[in-house]
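Taken in order, these protein sequences are the chains called A and B.
Numbering follows the working numbering, in which position 280 of the first sequence is assigned residue number 281; successive positions increment by one, without gaps.
Numbering follows the working numbering, in which position 419 of the second sequence is assigned residue number 414; successive positions increment by one, without gaps.
Keep in mind the hints are simulated off the structure, nothing from the lab.
All C-beta atoms, glycine included, are put in the ideal place defined by N, C-alpha and C.
Worth double-checking, as some hints may not be accurate.
Stated by the list, open to error - Across the chosen pairs, the derived CB separations fall in these ranges:
{"#": "1", "chain 1": "A", "residue 1": "G94", "chain 2": "B", "residue 2": "K376", "range": "56 to 64 Å"}
{"#": "2", "chain 1": "A", "residue 1": "E214", "chain 2": "B", "residue 2": "K467", "range": "29 to 37 Å"}
{"#": "3", "chain 1": "B", "residue 1": "A19", "chain 2": "A", "residue 2": "E214", "range": "44 to 52 Å"}
{"#": "4", "chain 1": "B", "residue 1": "L86", "chain 2": "A", "residue 2": "L22", "range": "46 to 54 Å"}
{"#": "5", "chain 1": "B", "residue 1": "R264", "chain 2": "A", "residue 2": "S93", "range": "38 to 46 Å"}
{"#": "6", "chain 1": "B", "residue 1": "Y113", "chain 2": "A", "residue 2": "L22", "range": "50 to 58 Å"}
{"#": "7", "chain 1": "A", "residue 1": "D242", "chain 2": "B", "residue 2": "G491", "range": "36 to 44 Å"}
{"#": "8", "chain 1": "A", "residue 1": "D242", "chain 2": "B", "residue 2": "A19", "range": "48 to 56 Å"}
{"#": "9", "chain 1": "B", "residue 1": "T182", "chain 2": "A", "residue 2": "L202", "range": "38 to 46 Å"}
{"#": "10", "chain 1": "A", "residue 1": "E214", "chain 2": "B", "residue 2": "S469", "range": "26 to 34 Å"}
{"#": "11", "chain 1": "B", "residue 1": "I13", "chain 2": "A", "residue 2": "S93", "range": "37 to 45 Å"}
Stated by the list, open to error - Below, simulated DMTMM-like cross-link-like pairs (lysine to aspartate or glutamate); rule was C-alpha separation at most 20 Å, straight line:
{"#": "12", "chain 1": "B", "residue 1": "K496", "chain 2": "A", "residue 2": "D131"}
{"#": "13", "chain 1": "A", "residue 1": "K159", "chain 2": "B", "residue 2": "D498"}
{"#": "14", "chain 1": "A", "residue 1": "K128", "chain 2": "B", "residue 2": "D498"}
{"#": "15", "chain 1": "B", "residue 1": "K467", "chain 2": "A", "residue 2": "D131"}
{"#": "16", "chain 1": "A", "residue 1": "K227", "chain 2": "A", "residue 2": "D268"}
{"#": "17", "chain 1": "B", "residue 1": "K462", "chain 2": "A", "residue 2": "D268"}
Stated by the list, open to error - With the Cβ distance kept under 8 Å, some of the chain A side facing chain B (calculated, not the full set):
{"#": "18", "residue": "I7"}
{"#": "19", "residue": "I133"}
{"#": "20", "residue": "Q134"}
{"#": "21", "residue": "A138"}
{"#": "22", "residue": "V144"}
{"#": "23", "residue": "F148"}
{"#": "24", "residue": "N152"}
{"#": "25", "residue": "K155"}
{"#": "26", "residue": "L158"}
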Amino acid sequence: MDIRKISLREKTGFFLILILLLVLGSRAALGYARKCRDSTYLKRNGALIQMQEEPADTVKVLVLGDSLSYTTVSPMKVWKDLGIPVYTAGQSGQTMNEMYNMLLTALDTQHPDVILMETHSLLRSAKDLDEIQNIIASRAASVLPIFQYHNLWKNMLKSSNQNVMHFEGFTIRAGVKAYTGPEDYMGISDQKADITQLNLLLFDKVVERCQKEGIRVILYSAPSPKNYTMEKHNALQALADKHQLTYIDLNEHVSDMGINWQTDTLDEGDHLNISGADKTTAYLEEHILKNLNLPDERDNKTYQSWNREEMIYEQAAGETIAAIRYTKR
Amino acid sequence: MGYNTLPYLAVFLPLVVIIYQLTASRYRKYVLLVASWVYFYLCSRVLVFYFIILTVLVWLAGMGIERLAGRKKAQKLLTYVSVGGLFGQLLYLKYFNFFLGVINLIMSRHTSWTAIPYLNILVPIGVSYYTLEAVGYLLEIYWGRVGADRSFATVSLFLGFFPQTMEGPIARYQDTAEQLKAGHPVTEQHVFDGITRILWGLMKKVVIADRLSVVVTELFNNHAKYDGVMIAVAAVSYTMQLYMEFSGVIDIILGSALLFGVELPENFRQPFFSQSASEFWRRWHISLGVWLKTYVFYPVTTSELTMKWNRKARKKYGKYVAKIGTSFLALTPVWLFNGLWHGANFNYIFYGIYYLFFLMLEVILEPAKKKFYAVTKADPKSKGWTLFRILRTWLIIFTGELFFRANGFTAGRQMFASMFHNFGLHRLWDGTLLKFGLDRADWAVIAAGIAVVFISDVLHEKGISFKAFLAKRSFVVRYLALYALIFGIIIFGAYGSGYQKVDLIYAGF
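Chain B extracted, bound-state conformation:
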């Protein structure tokens, strides 16, 4: 039951809101908990029991880690075992068959080798998201930043709050737990803000992303038929689809949570205004970036091994080389993890290494960059240079997404190579774009939709939220904006006869 579907938006969500509001505030968290388990059941059937057992273990482990605070070794052991166990189950569920495939591939060179058959593993919905939340929760207790929650209901709700189950955002315990158990009443303001946010997200998903899905599916699934500019179109279209879809669904998620007075962390901050690859990852899938920074990057950077290496390298090779080495030591696990987290495929691993390369390049070229600006006396903050850096980052993003979406790493490589053959820019206007299942009207809707989102992003970038912008206008303007949003979705939405249902992309990770 995706967040953009009618059963969720027209039945499940309103029903939960009504029951929640009719319940006394001290019991409201139980309403959310039961609703979350029901939601889990509707998506993954009996695997809800797997989730419940896992949350029981996390809840017990949290209390155990806290209780062992005075016995450092035992506490460390329990934390390592618990975190290891959580990653172990994730590895088994998502990566077992992948590694089996790798073993079979390597061993297939030996003629006597009989391939090990793949296991039929049922993967519960959202396992990649709540595993990271659970690991974060246990580490926060271990570091003494939060106390273990005595309430099983709160822990289970924190890990499985239904609007977050499928696509995150990956929250930290201190971000949401208090709000979830507070049992805030449903207010008129929350309903209005929540519904507006949901509508905005639906517009991005149904009008733009689902339309782009038609051309993306054709170009990536039949990539051998295309080359040159058409591959570039594939990369740009997929990047736009992914942004509109993922940020749109996150809008629906945040809007849903807001109905219950819960403010979930934002996951996007105008990523296409980024001036470097590292900035892009501070603006795109923010909650994953924050998780990786907090629970992988910092622990590795401050680990004894890294510190020791840094001290030695500084003495032997100087500050610059030591910085490069330390960055490499800390960033490598982050980006390998990032790549693998998206799934068990070589193109995801490549995707992680790809960004590691650009981030390392940023570190390596930092002094040269400073020197360049000093020598040329160019103003790095000028509009021209800013635009240059933004466009350069776009190239990095589009190319990365080409490999990310390709049907395997080999296909990604082939697509990338074929982009430089027979480029043929004229194919953008000679009617070729109309052969993929979208007509002129569809392309016009996509362009208009992206323009609307772009304007909203510009406003946000300037610190003006669309909500605040509307608030200053007369009620006629506000009504017209809302009607435009509602009828924009109804009339221009890519749903119904003639369109394929498009599943949520990030629910698959």
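Okay, chain A solo, but in the shape it has when bound:
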């Protein structure tokens, strides 16, 4: 094709139509993603969609992080015990860039008082170029969501949707696979693990943005023998001290929380199941959430649906926790 023979009008027309198609395609993809909510194809994008669907100005505590975040904090338990609206916006394998992106998405509609940040995303170390690729991709996807939800055409071919019930970002996970490694997995060490420069940079951006919005940032590490060591604790503590942030490492309070590694882990000490999450949530309520002086919203009419949700959760979670804790293994 001799490009010189094509008029300027035709060339301009080509790009205008292309942009129009991308914008229309993006709107259609996003609209469909919100409607279908099928976890089969939404996968990690499901958390973003759910966050966007949350009624505006309802979330007071927003939990960010990777899978260790949404397996440790149960918003419905906090609601039942303290009446604080917590939302878990964790994503499987959430990188610091994705965490920042999730924060921005949340801030479009929400004005939380506190961000509870699970720290494992800080310790993820993708190659710099892969991370840059992720950053470019997420920016492109935020402008043109067709890149993010491009796979949903497969969902249109399906006869039924596969929706997993979630309670403000939290899912009841019933699996049990005991951790049989050493109880004192944290050990003793003066060494500090490495946190990549890119992760530190993105962490700074998250903290800066929160400070600008008047949001308090609290760091916590989920109990996980597979993912945490004393070296990592030292690095995270130093980072928290540098930014004057509260940091609580739940790996140091395993016995205080009453975590039983025979019953409370989903996958040999990698993640917690509902029984473990119930215990960590109780501990965080006692040592962090109670001290935030956030109002009890249980009688607030805006949150009536939360009370209904809590009743369903109470029954489902109660039965599952009992089955886990009292089944002979």
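We have chain A; now place chain B onto it with these hints.
Here is chain B on its own, set in the frame of chain A:
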């Protein structure tokens, strides 16, 4: 930074194009050179200095070989030392630990033997490609076909031009050097052709190859769980993945180079239309085939030893046996080199020997074939016989790729043997194919994608390029084709949530 990644396509490449265009033409080759070194640094960090030192040595050796033109012995010595040195560093970087492993394996029978620990060798990106280019360049000077380049920048750019660094094509100095230093302006036509080629390559890589990677990984990594037709599916799927991925990335490479007005040599010419194993290798990874033919096959064939043997054999055993013997002498180093070039593994060595076997079979059976057609009066050019030969070649290709991809030679052997147990053709439609991580929609996309590439290959085979085909259509058709390509990649691409990132296969060789 693979050629299919966003940092390359959305940041690095456009940035280089803009800087290149804004620079005066006589300095443009320096822009490409610096960009190539930056690209090398981004892929291999400080090993870029290894590459620069190597290119300095090649540049000096080239001038030295030319200067010694009047002193044959000294020139020969310098050429041998330089080429030997280049192969020596390649052997050390890629094969040292392999040979160490072989020694440990053999010596492990002696109880007193303590295994020699492996060395932690950092291998710079693209070493297999630019080493061959450097050897070719020095031999061309030695044979007097090209003059040594006085410009270090041109030599370094020829060896390390960033679109070629990871996967070739392995160019000859006379193919690209002039174009690289010419500093052609970026024209609207080059941009259009370049981007179209890049999009075409991306479609092959992201829509087809990366999707097939899911099933290939499952079948090859857990091969003990599968047998019969599933092993055949593994072989065919991997062959398709490799073709779509390698030719797709080569499209991206050629498209990238075209943006700067540089036309790199083609690496593929519809390989699945080949009617024999030898023809396949003239159509598949062409630049490696040309390199082996020019710098291994011809020198061995015309060497004194081979010529002498040929003369003696002709007298003693006749023309037929002499031809077989000469072919064996010349083809053996070619195919051993081909196998080993892909990596330090027994399955790659087997892969080379495998093709040596079929090429020798072609030579041996040549008179019988002629006799067969004469006796049966069959027309070898008829559609039926052509199709038969193509399908026969497919069998050779698929089986070869099964061993090539297998996780070691033993695994390859086991997979090949298990293909003949419990064949169970029904597993192709009873839902078994949906258990590997791909659903019906994925398989439909793969089939449609392969069909599109097949149609394009048919057009090329008939001498019609897709570009020329589109040029004859109205602008509405042209626009629709481009939109289809762009949205085909965006919508059907195997990227994002739910798909694993797939590294470039040939960058690993």
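Here is how each hint holds up against the structure:
no.: 1; hint: G94(A) / K376(B): 56 to 64 Å; result: holds (57 Å)
no.: 2; hint: E214(A) / K467(B): 29 to 37 Å; result: violated (59 Å)
no.: 3; hint: A19(B) / E214(A): 44 to 52 Å; result: holds (49 Å)
no.: 4; hint: L86(B) / L22(A): 46 to 54 Å; result: holds (53 Å)
no.: 5; hint: R264(B) / S93(A): 38 to 46 Å; result: holds (44 Å)
no.: 6; hint: Y113(B) / L22(A): 50 to 58 Å; result: holds (53 Å)
no.: 7; hint: D242(A) / G491(B): 36 to 44 Å; result: holds (37 Å)
no.: 8; hint: D242(A) / A19(B): 48 to 56 Å; result: holds (53 Å)
no.: 9; hint: T182(B) / L202(A): 38 to 46 Å; result: holds (39 Å)
no.: 10; hint: E214(A) / S469(B): 26 to 34 Å; result: violated (54 Å)
no.: 11; hint: I13(B) / S93(A): 37 to 45 Å; result: holds (38 Å)
no.: 12; hint: K496(B) / D131(A); result: holds (10 Å)
no.: 13; hint: K159(A) / D498(B); result: violated (31 Å)
no.: 14; hint: K128(A) / D498(B); result: holds (13 Å)
no.: 15; hint: K467(B) / D131(A); result: violated (41 Å)
no.: 16; hint: K227(A) / D268(A); result: holds (10 Å)
no.: 17; hint: K462(B) / D268(A); result: violated (54 Å)
no.: 18; hint: I7; result: holds (7 Å)
no.: 19; hint: I133; result: holds (5 Å)
no.: 20; hint: Q134; result: holds (5 Å)
no.: 21; hint: A138; result: holds (6 Å)
no.: 22; hint: V144; result: violated (12 Å)
no.: 23; hint: F148; result: holds (7 Å)
no.: 24; hint: N152; result: holds (6 Å)
no.: 25; hint: K155; result: holds (5 Å)
no.: 26; hint: L158; result: holds (6 Å)
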